[in-house]
Amino acid sequence: MTSPQLLAAAPELAATALRTVRAEFPNGLYVHYAQPGDAPVRPRDRHPAFYGSYDWHSAVEMHWVLLRLLRLAPGLVPAAEIGAVFDEHWTADAIATEVAFFASSPGAERPYGWAWALTLAEEAASWATADGGPDVRRWAATLQPLAEHFLGAFERWLPAATYPVRSGLHPSSAFGLLMALPAARRAGRAQLLTDTALRWFAEDVDAPVRWEPSGSDFLSPALTEAVLMAEVVPDVAGWLAAFLPALAAGPLLTPAVVSDASDGQTAHLHGLNLSRAWAMRRLASRLPDGDARVPTLGASAAEHAAAAMPHVSGSDYMVEHWLAAYALLYLDPAY
Numbered sequence: 002m003t004s005p006q007l008l009a010a011a012p013e014l015a016a017t018a019l020r021t022v023r024a025e026f027p028n029g030l031y032v033h034y035a036q037p038g039d040a041p042v043r044p045r046d047r048h049p050a051f052y053g054s055y056d057w058h059s060a061v062e063m064h065w066v067l068l069r070l071l072r073l074a075p076g077l078v079p080a081a082e083i084g085a086v087f088d089e090h091w092t093a094d095a096i097a098t099e100v101a102f103f104a105s106s107p108g109a110e111r112p113y114g115w116a117w118a119l120t121l122a123e124e125a126a127s128w129a130t131a132d133g134g135p136d137v138r139r140w141a142a143t144l145q146p147l148a149e150h151f152l153g154a155f156e157r158w159l160p161a162a163t164y165p166v167r168s169g170l171h172p173s174s175a176f177g178l179l180m181a182l183p184a185a186r187r188a189g190r191a192q193l194l195t196d197t198a199l200r201w202f203a204e205d206v207d208a209p210v211r212w213e214p215s216g217s218d219f220l221s222p223a224l225t226e227a228v229l230m231a232e233v234v235p236d237v238a239g240w241l242a243a244f245l246p247a248l249a250a251g252p253l254l255t256p257a258v259v260s261d262a263s264d265g266q267t268a269h270l271h272g273l274n275l276s277r278a279w280a281m282r283r284l285a286s287r288l289p290d291g292d293a294r295v296p297t298l299g300a301s302a303a304e305h306a307a308a309a310m311p312h313v314s315g316s317d318y319m320v321e322h323w324l325a326a327y328a329l330l331y332l333d334p335a336y
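Numbered per the working numbering, the sequence shown finishes at 336, counting up by one with no gaps.
It is worth saying that the hints were derived from the structure and are not from the lab. One should not assume that every hint holds.
Claimed, not checked - Here are the in silico distance ranges between beta carbons for each label pair:
| no. | residue 1 | residue 2 | range |
| --- | --- | --- | --- |
| 1 | ALA242 | GLU304 | 33 to 41 Å |
| 2 | LEU170 | ALA81 | 20 to 28 Å |
| 3 | PRO146 | ALA242 | 40 to 48 Å |
| 4 | LEU170 | PRO289 | 29 to 37 Å |
| 5 | ARG186 | PRO209 | 27 to 35 Å |
Virtual Cβ for every residue (Gly too), placed ideally from N, Cα, C.
Based on the provided sequences and hints, a complete structural model is requested.
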C-alpha cells in the first residue's frame with residue numbers, strides 16, 4: 002500500500018526530478034583523457050539517455066524517481082510529461098550509446114551508478130510483468146541492454162574484489178550489492194552477489210559507529226552494510242546484535258548537521274540523514290515482532306527524515322539534483 006506521506010510528497014518530488022533530468026547544465030561530467038579529443042563537446046553527446054541532474058548516476062536516480070512515482074501515483078504527477086521524457090531519453094540508439102561508453106570504460110560509475118542503473122531497469126521490468134501497459138513494456142525492453150551490461154559488469158568485477166570498500170560515498174561496496182540484488186534475482190544471477198556479501202561482511206562485529214559520520218557521507222557505512230546483510234543472513238536479529246551492539250543508544254540516532262548546502266560535499270549530509278532514515282525503517286521491518294530495537298529505529302528514522310525532507314526541492318542545486326531519490330527510498334515501503 003502506498004503511504005499517505007509518499008502520496009503527499011509525490012507532486013513535489015516529480016516536479017524536482019522532471020526539472021533536473023532535462024537540465025544538461027551545470028554538469029560535473031568526469032573525463033579520463035587517453036588522447037586529445039576524448040572529452041565530448043557536451044554531456045548529452047556521451048550520455049544521450051542520462052545527461053541531466055549534474056552527473057550520470059544522479060540522472061539515473063532521478064529517472065527512477067519519475068518511473069516509480071508514475072507507477073504509484075499517476076494521478077498526482079504529470080504522467081504525460083513524464084512519459085514524453087522517457088520516450089525522448091530512452092531510445093534504442095541512446096541506450097546503445099550508453100552501453101558502448103561503459104563497455105569502453107569498465108570502471109566508470111562502479112558500483113554506485115551500476116547499481117542505480119539496475120534499480121531503474123528492475124523497476125521497469127517489475128512493472129512490465131505486473132500490470133504495466135504497452136508503454137511500460139516498451140521502456141522495460143529498451144532498458145534491458147543496460148541491465149544486461151551492468152549485471153555482467155558485477156560478475157566480472159566481484160571475483161577479483163578481495164576487499165570491500167567500507168565508505169559512506171559512491172564506492173560503497175555494500176550499497177552497490179544491496180541495490181543490484183533485486184535485478185540479479187530476477188535474472189537468476191544473484192548467487193555471486195550473495196556469496197560476495199557473505200564473504201565480505203558475515204563475520205563483522207562491533208562496527209565503529211563512533212567514527213560516523215564523515216564530513217561528506219551520504220550513506221552510513223554501518224547501516225548500509227546492515228541493510229544488505231538483512232537480505233542475505235538467516236538470523237537478522239542475531240547478526241545485527243553482534244554488528245551493532247549499541248544500536249539503540251548510539252551516535253547513529255542523531256541526525257547530521259548540514260552547515261553549508263552550497264558545498265557539494267557538505268550537502269551530502271542531507272542525503273545521509275535520508276539514507277539513515279531509509280536504512281532504519283528497513284531494518285525495523287526485518288526484525289521480529291517485539292524486538293526492542295524496532296521503536297527506537299522508527300523514532301530515529303522519523304527524526305532523520307524530518308531534518309532532511311524540507312531540503313529536497315527549492316534548495317541549492319547541489320542538493321536538489323539528487324536528494325529526491327533518497328526521499329523516495331525512505332517514503333516507499335517497497336524499498
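These are the hints, each one checked on the structure:
Taking 33 to 41 Å as the suggested C-beta distance range, the pair ALA242 and GLU304 does not conform, at roughly 23 Å. As the Cβ distance of LEU170 to ALA81 is approximately 37 Å, the hint placing it in 20 to 28 Å is violated. PRO146 and ALA242 have their C-beta atoms about 43 Å apart, which keeps the hinted 40 to 48 Å range intact. The supplied range of 29 to 37 Å is met by LEU170 and PRO289, whose beta-carbon atoms lie about 33 Å from each other.
Between ARG186 and PRO209 the C-beta distance comes to about 31 Å, which sits within the given range of 27 to 35 Å.
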